[in-house]
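Participant: Keeping their order, the protein sequence lines are chains A and B.
The working numbering numbers the first residue of the first sequence as 1172 and each following residue consecutively.
The working numbering numbers the first residue of the second sequence as 1172 and each following residue consecutively.
A few of these clues could be false.
It does not matter which identical chain is meant; a pair holds if it fits inside one copy or across any two.
Unchecked claim - Listed below are the simulated PhoX-like cross-link pairs for lysine-lysine, each with C-alpha atoms no more than 25 Å apart in a straight line:
| hint | residue 1 | residue 2 |
| --- | --- | --- |
| 1 | Lys1218 | Lys1281 |
| 2 | Lys1174 | Lys1281 |
| 3 | Lys1233 | Lys1174 |
| 4 | Lys1218 | Lys1174 |
| 5 | Lys1233 | Lys1281 |
| 6 | Lys1215 | Lys1233 |
| 7 | Lys1194 | Lys1174 |
| 8 | Lys1215 | Lys1174 |
| 9 | Lys1177 | Lys1233 |
| 10 | Lys1281 | Lys1240 |
| 11 | Lys1215 | Lys1281 |
| 12 | Lys1281 | Lys1177 |
| 13 | Lys1177 | Lys1240 |
By construction, these hints were calculated from the structure, which means they are not laboratory data.
Keep in mind it's a predicted model, so treat the numbers as computed, not measured.
Next come the chains, spelled out residue by residue.
There are 2 protein chains.
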Amino acid sequence: MIKMGKLTDYGTLMMTYLAREPKRLHSAQDIAQAIGINVPTATKVLKMLTRSGLLESHRGIKGGYILAKTPVDITMADIIGALEGPIGLTDCGTSDQPGNCQRERSCSVKANWQRISQAVNDALASVSLAEMTVPVAQPIVMKRPSKAEQVTL
Amino acid sequence: MIKMGKLTDYGTLMMTYLAREPKRLHSAQDIAQAIGINVPTATKVLKMLTRSGLLESHRGIKGGYILAKTPVDITMADIIGALEGPIGLTDCGTSDQPGNCQRERSCSVKANWQRISQAVNDALASVSLAEMTVPVAQPIVMKRPSKAEQVTL
DNA sequence: ACAAAATAGTACTATAATAGTCCACTTTAA
DNA sequence: TTAAAGTGGACTATTATAGTACTATTTTGT
């Protein structure tokens, strides 16, 4: 129901690949070959991950990329956030053209979208990169909204 | 970090609008005007919601749309799923070209994506349409307004 | 029966977002 | 000092989305 771009897919595979040898530098070429994409595209994704602080880069010959943190300290929310940008709808509060929604003052939808974003973010943050390298599935324990947050109808 | 299309935004506003008067038929024109979009676009979204079983439509003059279920029985997962389609990455298991990922047999990433999808889906399913009509996360409503009273637009 | 008003289905076009590529520049080890 | 690596930014091609239009079908009132 939500679509993630190819680059996010690549990025996840890259991070998982790096998480298997977290102490070593890996060149963009190595990484590109490992996950089966072309080098230019791989470098694009690696740049994004580096600028977001998830990877550290080393220049020069013998350079390459390495995880900036341990796999347990990196979550899927980090990775997806780095490659997809912040969650967001297109209008409804983003573009402040009045009259577009004539009940702006008391618009309950906008406020509730933030709760939804938070819930999705929590779900993604509950999966660490370390878990992504583990073959089998441990069930994800989602943080359900507390009673106080719930609006009982 | 995840982007939802405009149509999903429209759909959410429509569903919220209908949830305020769940017993009445609303024409596409009414709905389009209420949320401030053009009629052709509105009808497109309404068709999608109807085909997904979230709305019931009545044809002919005096026709229109009405919620197929009560607002408490409709979740944001339903609405988003109807308008965005199923969650999905682009490759990695979708296009089965071998060699693309040379460790396909033991690919832990693919399996874990399903866990993530499930977690996101759970998060979205935890928010009902009824909750979307409530102004803000005020934990306890002192006087529970009747459905008719909630119609204040 | 017929006309008017509404939805249904589908196809088409325009626009926007994404993916992918390329090049000039910088850094570093041998 | 040269070769191999990353950096930044701009560019193009492709794809997905949004929006529109048209025809058919259904229903109500006269």
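Participant: Okay, which hints does this one fail, numbers in order?
Facilitator: 3, 5, 7, 9
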